[in-house]
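Next come the chains, spelled out residue by residue.
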Amino acid sequence: MSTSTAAATRPATGGRRPGGLAWLAVPALVFFVGFAVIPLIGVLALSFTSWDGIGGEILFAGFSSWQAVLSDPGLPHALWVTFLVMALSWAVQTPASILLGVFLAGAQRYRAVLAVVYFIPLLLSSAAIAIAYKALLDPNFGLGAGLGIDLLVQDWLGVPELAFGVVIFVVSWQFIPFHSLIYQAGVRQIPRSMYEAAELDGAGRVRRFFSITLPQLKYTIITSSTLMVVGSLTFFDLIFVLTAGGPGDATRVLALDMYKRGWQANLMGPASAIAVILVLVGLTLALVLRRIGGRDAAHSQQEGV
Amino acid sequence: MEPRTPSRRTFLSLALGVPVGAALASCGTAGPAPSGGGASGGAKAAGATYWYLSTQPQEGIRTGSVERFNKANPNTPITGTTFQNDAYKTKIKTALGAGQAPTVIWGWGGGTLRSYVQAGQVDDLTPWFDQNPAVKDRLFPSSFGAATIDGKIYAMPAEAVQPIVLFYNKKVFDQIGAAPPQSWDDIMALVPKFNKAGIAPFSLGGQSRWTNMMWLEFLFDRVGGPEVFQAVFDAQKDAWSNPDSIKALTMVQDLIKADGFIKGFSSITADSNADQALLYTGKAAMMLHGTWTYGSMSLDGGDFVSGGHLGYMNFPPVTGGKGDPSNTVGNPGQYLSIYSKATPEQKETAKKFFATAVLSDEEVKQWIDTGSVPIVKGTESALAAAKDPEWLQFQYGIASNAKAFGQSWDQALSPTAAETLLDNIAQLFQLSITPEQFASNMNAVIGK
Amino acid sequence: MATTLTREQAEAGGGRRRAARRAGVVGGHRNWPAGLAGWLWLAIVIIPIYWIVITSFKEQSGYYASNPLAPPAEPTLHNYQLVIEAGFIGYFVNSLIVTLGAVIPAVLASFMAAYAIVRNGTGRFLRLVNGLFLMGLAIPLQATIIPVYLIIIRLHLYDSLLGMILPSIAFAIPLSVLVLTNFIRDVPKELFESMRMDGATEWAILWRLAFPLTRPAVVTVSIYNALTIWNGFLLPLILTQSPDKRTLPLALWAFQGQYSVNVPAVLASVVLTTLPILVLYAVGRRQLLSGLTAGFSR
Chain G
1 MSTSTAAATR PATGGRRPGG LAWLAVPALV FFVGFAVIPL IGVLALSFTS
51 WDGIGGEILF AGFSSWQAVL SDPGLPHALW VTFLVMALSW AVQTPASILL
101 GVFLAGAQRY RAVLAVVYFI PLLLSSAAIA IAYKALLDPN FGLGAGLGID
151 LLVQDWLGVP ELAFGVVIFV VSWQFIPFHS LIYQAGVRQI PRSMYEAAEL
201 DGAGRVRRFF SITLPQLKYT IITSSTLMVV GSLTFFDLIF VLTAGGPGDA
251 TRVLALDMYK RGWQANLMGP ASAIAVILVL VGLTLALVLR RIGGRDAAHS
301 QQEGV
Chain W
306 MEPRTPSRRT FLSLALGVPV GAALASCGTA GPAPSGGGAS GGAKAAGATY
356 WYLSTQPQEG IRTGSVERFN KANPNTPITG TTFQNDAYKT KIKTALGAGQ
406 APTVIWGWGG GTLRSYVQAG QVDDLTPWFD QNPAVKDRLF PSSFGAATID
456 GKIYAMPAEA VQPIVLFYNK KVFDQIGAAP PQSWDDIMAL VPKFNKAGIA
506 PFSLGGQSRW TNMMWLEFLF DRVGGPEVFQ AVFDAQKDAW SNPDSIKALT
556 MVQDLIKADG FIKGFSSITA DSNADQALLY TGKAAMMLHG TWTYGSMSLD
606 GGDFVSGGHL GYMNFPPVTG GKGDPSNTVG NPGQYLSIYS KATPEQKETA
656 KKFFATAVLS DEEVKQWIDT GSVPIVKGTE SALAAAKDPE WLQFQYGIAS
706 NAKAFGQSWD QALSPTAAET LLDNIAQLFQ LSITPEQFAS NMNAVIGK
Chain S
754 MATTLTREQA EAGGGRRRAA RRAGVVGGHR NWPAGLAGWL WLAIVIIPIY
804 WIVITSFKEQ SGYYASNPLA PPAEPTLHNY QLVIEAGFIG YFVNSLIVTL
854 GAVIPAVLAS FMAAYAIVRN GTGRFLRLVN GLFLMGLAIP LQATIIPVYL
904 IIIRLHLYDS LLGMILPSIA FAIPLSVLVL TNFIRDVPKE LFESMRMDGA
954 TEWAILWRLA FPLTRPAVVT VSIYNALTIW NGFLLPLILT QSPDKRTLPL
1004 ALWAFQGQYS VNVPAVLASV VLTTLPILVL YAVGRRQLLS GLTAGFSR
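Protein chains in written order, with my numbering: chain G, 1 to 305; chain W, 306 to 753; chain S, 754 to 1051.
To be clear, the hints were calculated from the coordinates, so they are not data collected in a lab. Every value quoted in this text rests on a predicted model; they were computed, and no experiment measured them. For each residue, glycine too, the CB sits at the ideal point set by N, CA and C. Possibly wrong hints are sitting among the right ones.
[Said to hold, decoys possible] A partial selection of chain S residues facing chain W, derived with a Cβ cut-off under 10 Å: (1) 912; (2) 990; (3) 992; (4) 993; (5) 1007; (6) 1010; (7) 1012.
Using the sequences and the hints, build the whole thing.
What follows is the structure in structure tokens.
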């Protein structure tokens, strides 16, 4: 990532005053180092300690936290749940967002009005959304019970598969609007001439979508996917309020696992080890996505797209 | 465990705190919000502070005692702050970790108190009780068990005994013409009858997890006696694999498989009292729960309690089981500890509060009025004269006749083991692990 | 997001983009799968919101008996009264202080850093700084909550609004720098040069040229950060304890724990906490939507 941006950076001053502006970056750097970089180092250090988090001493404990975490069957499970949330929420959101993005890109006025409505879920806090859905889906006091529609009267948050589905649905409900907006902008940047040419060649609508719209949206897809995938690692609030990781451990993602170990089981060492794993997962994902994006970028440049 | 040193700066705290501290020292002083200015900032506020749970009607009684104390001691007031159960359990930990816990720490004793003691966070009250025998002698001796860690008393027992009992809705029993269960077999026979009538046999706030645990506590006791859990508590190897333990775990899964609990129980939280609402609205026939729910059912349930529709009994015996049918489980009391980092003045205020306001005559009366048996000796006549003598004497009978009064497991065990326990209980109730897997998962954290 | 910063996109100036929008419109005529999705999605968004709003005006006693989708026969403000009495005005003020207190310094610091990176990005120090921020984008910053908690305690900022503000600033910086960098880069460098010729200092160019020219981006970044911080949950959960330091999402959580049987009251609290943002949205909708599209689609 850093290199691609650096490469795109033009030295606007023509290199006349090298380093003369560096101090402007200092305030941001101080905040970032103080509350992001040092904590990152700190979390790594803490993963080699034992600490109860309630005022006991922080003692060096070697690899014992790592041993405990890595041998715990809860870890592969949490990793799996995290991965599933990521993959499924991506798989649901992406096609829906593209479709909605194409729809919103239309010039009709009512579509602009719809866009305004679509955006409302993004304004709500995850806590508010989780609380509202919890009430809505309550099998005894919720919407389904009130309407008397048996199909809606499910133990939505009590059956592992359903609870998982609810999490994915609520995530999509919250974030699809945002991603459709990104796609809308992407679609609007596609030159109309490409469609006109294709229409002259007799390409149908479906064909035009797959041979023009989708390929042209490549960068938009990568942007939106990166946001989705990295964002999915941070669904702590939503899941914490909606299911608390339950039923059982069906929706216990890494971030929740970290919280539970740290502040419920008084095991800050292992909780820090989980946090380190969370950081590594994030970095790996970003690198992988960059690899995909980077190669494509080089490719398209060679082809002169 | 380890003696607490006054300066507890380790290499890590230095590494983490100092560079940022230096960099932001100016921000810290010039910022818009001065730190620790809140009423609950333990070490800084002038008066003492006290945190407790917000469920009614208990909240009102706790607040009432604080107010009476403040009226009598206007110069050394106590500031009370209420929290809802789940939030309290997180906040008290972040507050202890931050060195800003309240002067008076409310709790359930047992393993959690032990973890506070090990972290050097609460004061040893043994000398104080030795100097004030009158305070100690008027309380139930059994209430001191969960306050005593390694022979020293670290908390003042308070409030009321809270055994777990089996509540039932008499209206729905009449509706299907059934009698309350006298044995486990009766329970299993009632389940299909209620389900057929479209009524859930048992209400359960399963998302809170400790609600599920109450079932295991009773079944372990009724099947194998209190010795089974005692072996876990004493950290005997593989104590969870005891055949009686496996049998009890299997029985609860049988009940779940037979649809014994309300649909959706794992998404219902007990904090919200939704489980109680299910019982008093007749959506469920029975509920195993703490006696503290009686008060809220009286408040919220319309004429459910006042109209005599609420039935209650001790958990029925299991045929062929070893546990005495008089045994009970639950909270032998609530516990008030004194934060070790509070100022001497705050500690004095807290002790005065313990001696003069906690379980004062007015408070005792309020507990009785709301249907609880306070842990004070000699209240038999007051109980008989109260507006709900039958319920109070039932509780008193359970508490005083029990051959064994088991403390709630999640409170008896350390927070680490308790968290694993609650996790595994949730999975056991999801039927996603077998009794044997449960036992082996739990054996792994014995003694931790 | 950083992955998309290809040369091609970086060089696509604002003018070119606007021209492309006017020219390229798809789905202009009857694109029925997209149209169907559009109306379906409207239903999916609207029904829960409609239910939340109407239920918040129902009496608790009538709630279970009534048709959940029918508007209340006798609308009541009782639930809202209950919520306000639970201290939500104070929580609102706290949220406001934390949000403004974090967004303003975060955006100003990010803007200065972004300016330096654009104007002098080849210097080793700034390249390092830029790389650091970009790395920050990939890291779920919640993972640092345990050490952040420790640091805040050591700074004696635990249970203070400032204690929530400082980490919020840090968490907001990477994305703000990225978006602002892209926009400042769009400013034709001739403008910078001519101002330099007139003898302006970099500090003056920064505030008198770059800042006004990229105002839409600044607004976008501010709104985006404000939303994130306003809705934040983990920091207040871990870093505060007193009820008088609660922010809205945390207060909401505590409120629903206590009143969850009273569904209308809980939903009233949801509506009430969202209302301020909805008002803002109604006022600054155009700016937000167009800003977000421009900010993230490049």
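Supplied contact hint for residue 993 of chain S, tested at 10 Å Cβ to chain W: 8 Å, holds
Hint check, residue 1010 of chain S versus chain W [nearest Cβ-Cβ separation less than 10 Å]: 4 Å, holds
Agreement of hint residue 1007 of chain S with chain W interface, Cβ distance less than 10 Å: Constraint on residue 1007 of chain S satisfied, holds at 5 Å.
Supplied contact hint for residue 912 of chain S, tested at 10 Å Cβ to chain W: 6 Å, holds
Hinted contact residue 1012 of chain S with chain W - closest CB pair below 10 Å: Holds: closest Cβ of chain W sits about 8 Å from residue 1012 of chain S, inside 10 Å.
Residue 990 of chain S as an interface hint toward chain W, with CB separation required under 10 Å: 7 Å, holds
Supplied contact hint for residue 992 of chain S, tested at 10 Å Cβ to chain W: 8 Å, holds
Consistency with the previously given hints is maintained throughout, with no hint failing.
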